[in-house]
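Trainee: Here's the letter readout for the chains.
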Amino acid sequence: MPKLTIIAAVNNAIATAMRNDPRVVVFGEDVGKKGGVFGATDKIQAEFGEARCFDTPLSEDGIVGTAIGMALNGLRPIAEIQFQDFIYPAFDQIVSELAKMRYRSGGQYACPVVVRTPYGGGIRGGLYHSQSAEAYFTHTPGLVTVIPSTPYDTKGLLLSALQGEDPVIFFEPKRIYRDPALAEEVPEGMYTVPIGKARLAREGSHISVFCYGAMVPVCLQAAEQAEAKGISLEVLDLRTLCPLDEAAVLASVRKTGRAIVVHEAPKFCGYGAEISALIAEEAVDSLEAPIVRVAGFDTPFPNALENYYMPDARRVMDAVDRVMSF
Amino acid sequence: MTTSAEIAQNPLLAPFLPPPASDEECLRFYRDMVRTRTYDRQMIVLQRQGKIGFTIPCEGEEACHIGAASTFRPEIDWLFPSYRQQGMALHLGVPVEDLVHQMFNNEKDAGSRGRQMPVHFSFVKPARWVSISSPLGTQIPHAVGCARAMQMKGEKGAALVCFGDGSTSTSGFHSGLTFAGVWKAPVVFLCDNNGWAISVPTHKQTASASFAVKGRAYGVPGVVVDGNDVLAVRDAVGAALERARQGGGPTLIEAVTYRIGGHSSSDDPRRYRPEGEVLQWQQRDPLARFETLLGERGLLNSSMKKDLEDRARDEVLAAVDAAAPLPPPPLDSIFEDVLAQQTPRLVRQRAELRSELERHGRSTSADGAFPL
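Here the protein sequences come in this chain order: A and B.
Residue 1 is where the first sequence starts when you use the numbering used here, and the numbers rise one by one after that.
Residue 1001 is where the second sequence starts when you use the numbering used here, and the numbers rise one by one after that.
Same shape as in the complex, but just chain A (with noise of 0.2 Å):
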């Protein structure tokens, strides 16, 4: 099996699908001849033709507006959207269309659309090639919210999406798109993912860290320092914010009776206050310690100092310190 990164799991994985099902076409801003301005198509069009991948106008809206007259057509669209950032003139399209129409049409119509995106910061790209907009799309019924965190999940996951009846929202963590250190073993052709299903990435036994996408290696990282000090780390990888796989959230934070949420995305309203809500609700009786939450700041994303605004293994650290000094 040849060893690729998260980027190149993007690619093998709509490769794979298009081989596998005619259905499959794949389109956004410079997917053509360029192939993607991360790569993500490269070579797609070469191998399957100007029909099926291929580059649209300048237009978000367009892109998933289109990409829904074509699922209800009986395509299996992949709709990219160029940067997370540029998405919001299709969210009406994604919000009111896309997440709707199986519910307002009473099951008559359904879009399995998928629209990939890459998110989050890392990469110096400011205010406008570093947001983390999840929540937004969580906090919608009628969408799947996916945000892999290894080459594996990456391509497993796709394949799932692309598979299932419903419209997902495929956020890829650009920051680690080519990190070599990541890079894994994955399969040739068709397998998947399930989609719902967290992922143990460390088993451990004093604090449970519910994370995902490009936050995975750094509470990882932070683990190994954590058990330097003696102190044991579960590292969830939640894969699926939506639906979110609750018995494996809440079955961690039993065990370990501690919990820390890590998400790149501004700390008001974001993800982890609702991780943070369902343990509360569902586990309280569990807790040792207050839920603790490490995100970004309740600002715009920052370009010069983002590196002081993306939560690190260290802020992860603080948080462990916290928790366990309780």
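It is possible that some hints are incorrect.
Stated by the list, open to error - These stretches of chain A come out as covered by chain B in the derived footprint (C-beta under 8 Å, 3 or more residues):
hint, segment
1, 7 to 14
2, 68 to 74
3, 136 to 148
4, 186 to 192
5, 317 to 324
Hints were generated in silico from the structure; no laboratory data involved.
Model, not experiment: these values are computed from the prediction.
All residues carry an ideal CB built from backbone N, CA and C; glycine is no exception.
Position chain B against the provided structure of chain A, taking the given hints into account.
Mentor: What follows is chain B alone, placed relative to chain A:
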């Protein structure tokens, strides 16, 4: 405004004109215009009686609906309607009862299961009438994407998308026409220009000389047609659909008509528009005009007209009688059709609601009214 005779001279559409409507077809058009008006007025009555919460009147625009629907081919085409196309549904063969079930949001409201406000219809049969949403212009790129899928799959149909003059200002119009022009997609954009977007007249909507001319910059030819002339609409839409089916690409049609009633049952147009304007347009009433034509051809007389009106009224009243007593959809339906599979979370919330009702009985909060 362009009449039937002028459309026949239009070099773009002339090669694709449908054959002249037979006498029988003309009578069917007229019948369905009468059915549409009867249904429409009855819905206003029901709303005023407090029996349904809301309606969107379409009086004055029946020729646009019937003319366009008459050339639609349900076996191969897709329809992306707006919320003022009731006549299209009737002409395509949707039973009036199915419309009324939706208006009552009852347990037989199959196309929204009680979830959408009245008039937001969805049908799979007898035509692919894609569920209507309230945000404006969003359906325009859907039609273009659907048409693009037809191209890719080698299908022979076309997509027909309907919207009003106000929707030409939305981003959906812009992106839809942009994409359709580039893709040469088999889609027909039908803009019913009824003069008003709620209270905003067309001259405050755009400084463009017409809505049809907007197509030019997108590489989408535009045609203006008399929207109160059912045969002219039929010729224009029919030719544009056929042109699209044969690979000729998209067309933007502006059907010039007039909204005789308010925007909705919640709107009083006397607050913002002169009564004289309404009277002027009533002189061009699409039913009256078609009656004159049919009379001249010896196809319609006053007793036939009365007979059609009586039958339409009986049909609508029977549908209301059937729909009114039915209960709303079952409570569990709140939690269905969110995703393909019901999540454990929704199963839990459903159980919570059931338990609440067992303990406290049905909801005691007052029924909402639109607008409040």
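Trainee: Would you mind marking each hint as holding or not holding in the structure?
Mentor: A quick look at each hint next to the structure:
| no. | hint | in the structure |
| --- | --- | --- |
| 1 | 7 to 14 | violated (count 0) |
| 2 | 68 to 74 | holds (count 7) |
| 3 | 136 to 148 | holds (count 3) |
| 4 | 186 to 192 | violated (count 0) |
| 5 | 317 to 324 | violated (count 0) |
In the structure shown, a violation is registered for the earlier hints numbered 1, 4 and 5, in ascending order.
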